[in-house]
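All chains, full assembly: derive it from the sequences and hints.
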Amino acid sequence: MTAKYERLANAIRDKIRSGELKPGDKLPSISQIREEYQISYGSVRGAMLVLKAEGLIEGRQGTGSSSKTRTARTDLLLVTPRPRCPPAVRARWRVRELTAGICPGHENAP
85 MTAKYERLAN AIRDKIRSGE LKPGDKLPSI SQIREEYQIS YGSVRGAMLV
135 LKAEGLIEGR QGTGSSSKTR TARTDLLLVT PRPRCPPAVR ARWRVRELTA
185 GICPGHENAP
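The sequence shown maps to residues 85 to 194 in the working numbering.
If you are wondering where the hints come from, they were derived from the structure by calculation, not from laboratory data.
Any given hint might turn out to be false.
Stated by the list, open to error - Below, in silico cross-link-like pairs of lysine to any residue (SDA-like), each with a Cα-Cα straight-line distance of 20 Å or less:
1. Lys99 x Tyr89
2. Lys88 x Glu138
3. Lys136 x Pro107
Okay, structure coming up:
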């Protein structure tokens, strides 16, 4: 079974992919999302952190979150299938993905 934060992140990715959420559009408040999806604050927060790390949304405390301008990188994230694997493995893949081209030789790091 998919974690609640992953389901929410996928739902928001789908809205961005379909154009329902355009760059600069405000996302609903955490309270509204919690009510709509019947999930906890922690699940909403987890989904938002994942989407921020992917560069799909941006936000600051007090102003809410909004969809970011799409780039070739974010478009790739929207079409790349998400493998089902343990969180620690996904985190390691994510670090490698984010550091690609920044740290020469990072592929060989333990």
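Okay, the hints, checked on the actual structure:
At most 20 Å may separate the alpha-carbon atoms for a hinted pair to count; Lys99 and Tyr89 meet this at roughly 15 Å. Of the supplied pair hints, the one linking Lys88 and Glu138 holds, its CA atoms being roughly 18 Å apart against a limit of 20 Å. About 14 Å separates the Cα atoms of Lys136 and Pro107, which keeps this hinted pair within 20 Å; it holds.
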